[in-house]
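Can you make the complete structure from the sequences, with help from the hints?
As they're listed, the protein sequences go chains A and B. One rule links them: number in this note's numbering = place in the first sequence (from 1) + 8. One rule links them: number in this note's numbering = place in the second sequence (from 1) + 8.
It should be emphasised that the hints constitute simulated quantities derived from the structure, not laboratory data. The beta carbon of each residue, even a glycine, is placed where N, CA and C say it ideally should be. Careful: at least some of the hints might be erroneous.
Across the chosen pairs, the derived CB separations fall in these ranges [claimed, not checked]:
#1 V228/B - R79/A: 42 to 50 Å
#2 T227/A - Q128/B: 23 to 31 Å
#3 N143/B - M19/A: 29 to 37 Å
#4 G251/A - N94/B: 25 to 33 Å
Stretch-level coverage of chain A by chain B, calculated; a stretch enters the list once three of its residues show a Cβ under 8 Å from a Cβ in chain B [to be verified]:
#5 103–112
#6 149–156
#7 159–165
#8 168–182
#9 241–248
2 protein chains.
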Amino acid sequence: MAGTDTSKEFMFRPTPAIVLCEPQLGENIGTTARAMANFGLWDLRLVNPRDGWPNEKAVAAAAKALPVIERVRVFDTLAEAIDDLNLVYATTARNREMFKPVIGPDEAADRMSAHIGAGQKAGILFGREKWGLNNDEVALSDAIVTLPVEPAFASLNIAQAVLVLAYEWRRAALKDAPLPFAGDEGEPAPRGQIVGLTEQLGEALDRAGFFKTDAKRPTVMNNIRAMFARAGFNAQEVRTLRGVVAALDRRHERPNPARLRKNDDEQ
Amino acid sequence: MAGTDTSKEFMFRPTPAIVLCEPQLGENIGTTARAMANFGLWDLRLVNPRDGWPNEKAVAAAAKALPVIERVRVFDTLAEAIDDLNLVYATTARNREMFKPVIGPDEAADRMSAHIGAGQKAGILFGREKWGLNNDEVALSDAIVTLPVEPAFASLNIAQAVLVLAYEWRRAALKDAPLPFAGDEGEPAPRGQIVGLTEQLGEALDRAGFFKTDAKRPTVMNNIRAMFARAGFNAQEVRTLRGVVAALDRRHERPNPARLRKNDDEQ
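Structure (structure tokens):
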């Protein structure tokens, strides 16, 4: 889904921090940065990344998510990375048997939105590729966030988990904001145009002998009126349909040239 | 987020079809299959894939998402691929200036959930990596779905867009279903245990000379009661805290051995 608007500046709104604990692969840091940028997140913090920082593979995989990559901060310990946050969620796919609430991404986003809206700071922890977060890292969090995955196929990579959380964040934070572009459904046609179309069709159907008895006509025409009303045609569509009806209506007056030729061939 | 439960069978529930129009890279078909399986989708349809089918790169990238990969169906045209669907959404990141409603993934998922719940079939179209869907493909859909991306960084790959739609589908379809695992927060302790803890703490603070005047004691203790009530401690946590208070309380009676040794060294 290409569609980046290069005339737009990245908006550095207050958003949750994404904290990766000891990420192993630079590629995953890069795709995480990209997933964050897609939904307007920019505060990426790395705890003790295996291959150090900066990391060429991360930059390559970030697909120009520079607003994120340029602002990456690296910390020696998780405690330092979350020092300024007053709401911290830990993502995990496994039950930790800890006394922690477990919530979904939607609830996490709603809570973070209220929290950040009140001027506080929030963050989400993601664990290592191979075994996730340690229990003492989870213990530093306020709650566990888990995704409503299919239990038989629960393996998400870090960037995918970040993508879902970032998406939910943006949905919650911009609840009533418009989508990036709006549909142009056109104004529904004024009712008079629909009546005109229906009448034109009725007369054409009369000429075509469509109504077996006069008694049936009002019922059938009412059904057609109901269909047209429900369809919500706009003015352009009504004009198109009037043209269609006119063309079909006239077909009995002016034989189709193609059909004529075919008959010629048959003779 | 590793966490696949190999004892669980993939649940082939009625779900939307995912239709990829002329996908170019096998890797993207594979990562799409994986994103689908994560959230329980399994009906993947390919229209005229550039490199044919089956595709080794797709299988490798699918990371064992066999429930999806084994069921892939290939079609020559989009019309054939969506022949049996009675609700079709087209994903696009660009305004098409078509008379189509534009909705978000949440609304699309809610509508598909109601539709599929009523026994009908739905599907979502995704376009080519390079330029998405053609206008005549979008025209076959009931509405356009677009993601609430950051306009300055709107480029999502196919599997990421599928992941968000699949996540929203599962969220809508399993609205009241539990998450894959639940938190064990423990039952909140009976109020009497909280009262006991508070009284023990009050007495210890009396011994420590914490209250400067007797007049301040009730206010301070009420603040502590309020804190404890809000914290929602469970019985185990109350026991731990009573132990902590008892230990601090006794510290003035029994000097700390470590502290003693340190004093020895200093002498």
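Each hint tested on the structure:
1. The beta-carbon spacing between V228/B and R79/A, approximately 44 Å, falls within the hinted interval of 42 to 50 Å.
2. Evaluation of the 23 to 31 Å hint for T227/A and Q128/B yields a pass: the beta carbon distance comes to about 28 Å.
3. Look at N143/B against M19/A: about 30 Å separates their beta carbons, and that is inside 29 to 37 Å.
4. The beta-carbon spacing between G251/A and N94/B, approximately 28 Å, falls within the hinted interval of 25 to 33 Å.
5. Only residues whose C-beta sits within less than 8 Å of a C-beta in chain B count toward coverage, and the stretch 103–112 of chain A has 9 of them, enough to reach three; the restraint holds.
6. Under a criterion of three residues with beta carbons nearer than 8 Å to beta carbons of chain B, the stated coverage of the stretch 149–156 of chain A is upheld, 5 such residues being counted.
7. Counting residues of the stretch 159–165 of chain A whose CB falls under 8 Å from any CB of chain B gives 7; the rule of at least 3 is met.
8. Figure legend: the stretch 168–182 of chain A, annotated as covered by chain B; annotation consistent (8 residues with Cβ-Cβ distances under 8 Å, at least 3 required).
9. For the stretch 241–248 of chain A, the stated coverage by chain B holds: 3 residues have a C-beta nearer than 8 Å to a C-beta of that chain, and at least 3 were required.
Hint check: no violations occur; every hint is consistent with the structure.
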